[in-house]
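Letter by letter, the chains look like this.
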Amino acid sequence: QKEVEQNSGPLSVPEGAIASLNCTYSDRGSQSFFWYRQYSGKSPELIMSIYSNGDKEDGRFTAQLNKASQYVSLLIRDSQPSDSATYLCAVNVGTGRRALTFGSGTRLQVQP
Amino acid sequence: EADIYQTPRYLVIGTGKKITLECSQTMGHDKMYWYQQDPGMELHLIHYSYGVNSTEKGDLSSESTVSRIRTEHFPLTLESARPSHTSQYLCASSAGTANYGYTFGSGTRLTVV
Numbered sequence: 001q002k003e004v005e006q007n008s009g010p011l012s013v014p015e016g017a018i019a020s021l022n023c024t025y026s027d028r029g030s031q032s033f034f035w036y037r038q039y040s041g042k043s044p045e046l047i048m049s050i051y052s053n054g055d056k057e058d059g060r061f062t063a064q065l066n067k068a069s070q071y072v073s074l075l076i077r078d079s080q081p082s083d084s085a086t087y088l089c090a091v092n093v094g095t096g097r098r099a100l101t102f103g104s105g106t107r108l109q110v111q112p
Numbered sequence: 001e002a003d004i005y006q007t008p009r010y011l012v013i014g015t016g017k018k019i020t021l022e023c024s025q026t027m028g029h030d031k032m033y034w035y036q037q038d039p040g041m042e043l044h045l046i047h048y049s050y051g052v053n054s055t056e057k058g059d060l061s062s063e064s065t066v067s068r069i070r071t072e073h074f075p076l077t078l079e080s081a082r083p084s085h086t087s088q089y090l091c092a093s094s095a096g097t098a099n100y101g102y103t104f105g106s107g108t109r110l111t112v113v
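Protein chains in written order, with the working numbering: chain U, 1 to 112; chain Z, 1 to 113.
One chain only, chain Z, in its complex shape (with noise of 0.2 Å):
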């Protein structure tokens, strides 16, 4: 069945650890994106990425990086986590144009302490 999966769905870790939010899609889709939410508050778009080897920043400053190597395969790195980076991290993907819809993965709830 095609989808998206997201690992881990929580997290809690230390300030300072780097952590690896992963996510993998099967439906061949192109597009590919990370956005960030906290509880009750609208999606702030954070990486996106067109297909291989190209990723963008989105309109939300972070400190956050993202690599994609292969299509299916969009992962999110923070090399020192902070309280500040508690939040929801939703990645989701999309076929070719604008006239399409996202779907989302499950997200991963992140809290740094």
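Okay, chain U solo, but in the shape it has when bound (with noise of 0.2 Å):
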């Protein structure tokens, strides 16, 4: 089992849908959570950090965070095109661990 695991997709939505995008993680002891947008041949760029459970929200972006359960979601309201990207999850695994662990992150795509 991977420490941070993704639906690869892709996950194809509507412009102006909501897209869901989920993430599971293995190690009950983790406490940062973190959500990263990729665009085709570019680096990670950080939209939202969660660490407590519930509802983080952040313009169009809300992170979902269920400890109990082992996951967290990103709601993207009102998507448009250029939402279009892969959303990275990454999760400060553990207590003490050296460095965030990614997920293979979620291709989505918004229709016009």
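To be clear, the hints were calculated from the coordinates, so they are not data collected in a lab. What you are looking at is a predicted structure, and each value in this text was computed from that prediction instead of being measured. Take these hints with a grain of salt, some might be off.
Derived BS3-like pairs (lysine-lysine); straight-line CA-CA distance at most 30 Å [to be verified]:
{"id": "1", "chain 1": "U", "residue 1": "Lys67", "chain 2": "U", "residue 2": "Lys56"}
{"id": "2", "chain 1": "Z", "residue 1": "Lys18", "chain 2": "Z", "residue 2": "Lys57"}
{"id": "3", "chain 1": "U", "residue 1": "Lys67", "chain 2": "U", "residue 2": "Lys2"}
{"id": "4", "chain 1": "U", "residue 1": "Lys56", "chain 2": "U", "residue 2": "Lys42"}
{"id": "5", "chain 1": "Z", "residue 1": "Lys18", "chain 2": "U", "residue 2": "Lys42"}
{"id": "6", "chain 1": "U", "residue 1": "Lys42", "chain 2": "Z", "residue 2": "Lys57"}
{"id": "7", "chain 1": "Z", "residue 1": "Lys17", "chain 2": "Z", "residue 2": "Lys57"}
{"id": "8", "chain 1": "U", "residue 1": "Lys42", "chain 2": "Z", "residue 2": "Lys17"}
{"id": "9", "chain 1": "U", "residue 1": "Lys2", "chain 2": "U", "residue 2": "Lys42"}
{"id": "10", "chain 1": "U", "residue 1": "Lys2", "chain 2": "U", "residue 2": "Lys56"}
{"id": "11", "chain 1": "Z", "residue 1": "Lys57", "chain 2": "U", "residue 2": "Lys2"}
If you follow the hints, you should be able to join the two separate chains into one complex; please do so.
Written as structure tokens, this is what we have:
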């Protein structure tokens, strides 16, 4: 079992819809969770971080964390074609871990 | 403007050559990292550093080496490049605690022929 798992997609949604991206992790001791967006041929850029159970909103983005079920999700409201990218989930797995562990990413396609 | 820089952006080099990929950041971050990413695949940690003169190997076995003589500079060296080293190399930095995300450089796409 991978430490951080994501569905590779592609997830296709129409413009204006809500895109829902999910990520599960294996270590219950994980404390910090991040979502990165990566356009094709580019490097990842941080879009959201979340540390406590519940929802965190930032503009059109909402991160949701459920530590009991060991999943973290990202909702993108009013999806735009410019949101088409690969979304990477990253987790600070366990305590005292050296670095973030990244999932393999979910490719999102927003259809105009 | 605070940022993280990687050079070169693209590199095509012959087998057996020695190469150094440069990474510098102007944010004063103590922690720096090197990840390797093949197209459409996940990022794999190959080296990290928590500060000057502190370097460790990551999860992915790598024939590369790193150094951290100055806070802002974290170069990666391949003594003898092979076609299996063809990949994208991403450098990142972060502030002190585990609660901070990373800032990535623009990456170096390496092709060994």
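Status of the hints after comparison with the structure:
Distance restraint check for Lys67 (chain U) and Lys56 (chain U): the Cα-Cα separation of roughly 14 Å lies within the 30 Å cut-off, and the hinted pair is therefore satisfied. For the given pair, Lys18 (chain Z) sits about 20 Å from Lys57 (chain Z) by alpha-carbon distance, which is consistent with the 30 Å threshold. Of the pairs offered as hints, the one joining Lys67 (chain U) and Lys2 (chain U) holds, with about 17 Å between alpha carbons and a cut-off of 30 Å not exceeded. Proximity of Lys56 (chain U) to Lys42 (chain U) is assessed by CA-CA distance (about 26 Å); at most 30 Å being required, the pair is judged to hold.
Distance check on the hinted pair: Lys18 (chain Z) and Lys42 (chain U) sit about 25 Å apart at the alpha-carbon level, within 30 Å; holds. At roughly 25 Å between alpha-carbon atoms, Lys42 (chain U) and Lys57 (chain Z) fall within 30 Å of each other, so this suggested pair holds. With a CA separation close to 22 Å, the supplied pair Lys17 (chain Z) and Lys57 (chain Z) stays within the 30 Å bound. Restraint check for Lys42 (chain U) and Lys17 (chain Z): satisfied, since their Cα atoms lie roughly 26 Å apart, inside the 30 Å limit.
For the proposed pair Lys2 (chain U) and Lys42 (chain U), the alpha carbon gap of about 24 Å is at most 30 Å, so the pair holds. Between Lys2 (chain U) and Lys56 (chain U) the CA atoms are separated by roughly 26 Å; this keeps the pair inside 30 Å, and the hint holds. Pair hint Lys57 (chain Z) plus Lys2 (chain U) holds up; C-alpha atoms about 20 Å apart against a cutoff of 30 Å.
Of the numbered hints given earlier, the model fails none.
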